[in-house]
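From just these sequences and the hints, can you work out the full model?
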Amino acid sequence: MKTVRSAPQPGMPRPTTSAMIASIAAEGQKTKPAPFGHALVELARSRPDVVGMTADLGKYTDLHIFAKEFPDRYYQMGMAEQLLFGAASGLAAEGFMPFATTYAVFASRRAYDFIHQTIAEEDRNVKIVCALPGLTSGYGPSHQAAEDLALFRAMPNMTVIDPCDAHEIEQLVPGIAAHQGPVYMRLLRGQVPVVLDEYDYKFELGKAKLIRDGKDVLIISSGIMTMRALEALQTLKNDRVDAAVLHVPTIKPLDAETILREAGKSGRLVVVAENHTTIGGLGEAIAALLMRSGVHPPFRQIALPDEFLDAGALPTLHDRYGISTAEVARQIKLWL
Amino acid sequence: METLTNTPKLADRAYNIRRNALRMGEVQGQGYIAQALDISDVLAVAYFHTMRYRPEDPSWEERDRFLLSNGHYAIALYAALIEAGIVPEEELETYGSDESRLPMSGMASYTPGMEMSGGSLGLGLSIAVGIGLGLKRKKSEARVYTLFSDGELDEGSVWEAIQSAGHYKLDNLIGIVDVNNQQADGPSTQVMAFEPLVEKLQAFGWFVQRIDGNDLDAVVAAFDAAKSHPAPKPRMIIADTLMGKGVPFLEQREKNHFIRVEQHEWQLALAALEAGRQA
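Protein sequence lines, in the order shown, are assigned to chains P and H. The numbering of the first sequence is my numbering, which starts it at 1 and goes up by one. The numbering of the second sequence is my numbering, which starts it at 1 and goes up by one.
Just so you know, these hints were derived from the structure itself, not from any lab. You may find that some hints are simply not true.
[Said to hold, decoys possible] Here are a few chain H residues that sit away from chain P, every Cβ distance over 12 Å (derived from the structure): (1) R101; (2) S140; (3) W159; (4) K255.
[What the hints assert, rightly or not] Chain H stretches covered by chain P per the calculated footprint, using a threshold of three residues with CB under 8 Å from any CB of chain P: (5) 77 to 88; (6) 106 to 118; (7) 162 to 169.
A virtual CB, placed ideally from N, CA and C, is assigned to each residue, including glycine.
Written as structure tokens, this is what we have:
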């Protein structure tokens with residue numbers, strides 16, 4: 001039964017902000033504005049088949065950049081996500097390549113059947129681009145898409161992407177356009193951290209990339225958790241823990257070859273870190289892959305709990321649910 | 001491309017579509033046959049008077065698109081596609097069988113001439129909005145027709161699509177709603193009151209006609225008016241139909257979403273259809 005929370009006691013720490021839109025960039029971190037919007041404009045200059053569509057979230061998915069540049073190739077479908085994806089299927093049927101944007105919760109939870117039947121089943125070339133993936137909003141469960149990867153992984157024909165930063169988003173926009181078929185892409189919008197440029201990283205659809213090598217622990221991660229893992233390296237190093245980071249932006253299809261090669265190297269703890277519930281995301285996908293393949297390293301998961309998450313400030317919540325940089329380092333040290 | 005304008009020929013087409021549907025029903029001993037019989041006149045006019053297509057090239061770029069939103073009417077559309085020469089008649093005997101291209105619920109990936117995967121109701125008009133927008137982007141003269149059922153009016157997404165088609169002034173979109181007043185749990189108007197439908201659709205910015213969907217002359221006139229109407233509005237034909245039309249004992253059978261037909265009755269139904277044609 002639902003119970004109402006107790007009121008905060010005097011002297012308890014004041015909550016900061018539980019705003020819907022919160023930046024995931026740390027204070028002073030290098031960022032780029034609207035990398036998706038700018039990359040899509042760039043793509044659309046050479047691809048006349050590209051159209052942009054949204055359900056009243058153009059400004060909040062960086063699609064307004066595209067809308068400003070190509071107003072006649074931009075379709076505002078109103079706050080109607082089922083229509084958005086049905087109509088995207090129709091435009092794809094006529095040979096166009098819609099980039100359809102909304103929040104991850106609405107694509108995965110509200111419009112699932114429309115995406116399943118009109119896009120995935122018919123293998124339509126629609127790119128579904130969704131802001132606020134996982135726990136990137138402090139607004140509460142209505143806007144926290146903790147289960148989006150599990151839902152879209154389970155859908156046949158769907159390619160699923162969880163990018164780390166602005167550098168990767170810029171590369172994957174042309175990358176997914178070159179792929180014929182439906183794609184679900186998690187979006188980081190607004191001022192987006194730039195991290196992977198310092199690691200000579202290049203996005204390739206379906207490829208996991210070893211960003212850093214190390215002998216004690218292998219962190220396999222996607223999305224912002226790769227950024228967290230890289231940030232945690234210094235703390236771990238101070239404690240004489242040598243960690244490798246394998247970035248897996250393509251959640252489906254999984255790069256089994258690279259994952260098995262790295263996880264199969266003996267003597268390393270394998271930790272899968274994801275901005276997603278423990279159920280059905282990258283962690284369970286890799287656990288199943290390892291089991292099926294007879295590769296049995298010590299295995300741990302850093303992921304969101306199977307519960308409705310709190311509203312609150314993102315740094316508070318990331319600490320609370322174990323996906324902050326400090327928590328990543330702390331948990332790994334505990335397991336070694 | 002076939003265009004026949006004289007109504008007697010259309011009556012033959014409608015008869016053949018009904019006959020094809022009954023023959024498929026007999027193969028499986030089941031099917032949404034009452035719906036197929038009620039919509040055969042609309043399909044006859046759509047495929048033999050109104051739409052542009054090439055039977056030998058179902059994905060011809062300039063064809064009119066026909067979306068079957070109510071996927072359970074697939075038996076009716078297959079009957080029309082067979083009559084139109086898009087699906088070979090001999091495949092009729094495979095209806096609903098393993099490996100058949102004619103599954104009981106219509107799916108785009110199975111059947112030539114099937115433009116969408118239905119089954120889950122309320123999808124068609126949203127897809128049609130996208131196709132309508134896409135055809136306009138391409139400056140195509142083609143139109144998109146979408147058949148759906150009165151029960152689908154319960155789905156909120158249908159109204160999302162209706163509202164957006166008005167917003168985008170999709171005059172290349174022609175919707176046909178089959179009002180046979182029967183859905184899974186009973187009479188549609190009792191399951192969820194959807195009237196007054198004409199006024200509702202007009203208020204959403206549509207050009208609306210309401211006709212007897214089993215009166216071929218009225219169906220022809222409605223499709224003609226839907227095509228020629230000058231206003232930049234999407235067009236809706238509300239077709240009131242009689243379930244089981246053309247087979248008197250099925251017309252009179254207690255109304256059900258899924259009418260039960262005994263094995264020996266399929267031949268009786270074919271005979272009754274034939275008798276009605278000669279009368």
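Quick rundown of the hints versus the structure:
Every CB of chain P lies more than 12 Å from the CB of R101(H), the least distance being 16 Å, so the non-interface label holds. Its beta-carbon lying about 8 Å from the closest one in chain P, S140(H) breaks the requirement of being farther than 12 Å from that chain. Its beta-carbon lying about 9 Å from the closest one in chain P, W159(H) breaks the requirement of being farther than 12 Å from that chain. At roughly 28 Å from the closest C-beta of chain P, the C-beta of K255(H) stays outside 12 Å, upholding its exclusion from the interface.
Taking a C-beta to C-beta cut-off of 8 Å, the segment 77 to 88 of chain H contributes 0 residues in contact with chain P, too few for the three needed, and the coverage statement is violated. With a threshold of 8 Å between beta carbons, the proposed coverage of the segment 106 to 118 of chain H by chain P holds, since 6 of its residues qualify and at least three are required. For a cut-off of 8 Å, the count of residues in the segment 162 to 169 of chain H with a CB near a CB of chain P stands at 3, and the three-residue condition holds.
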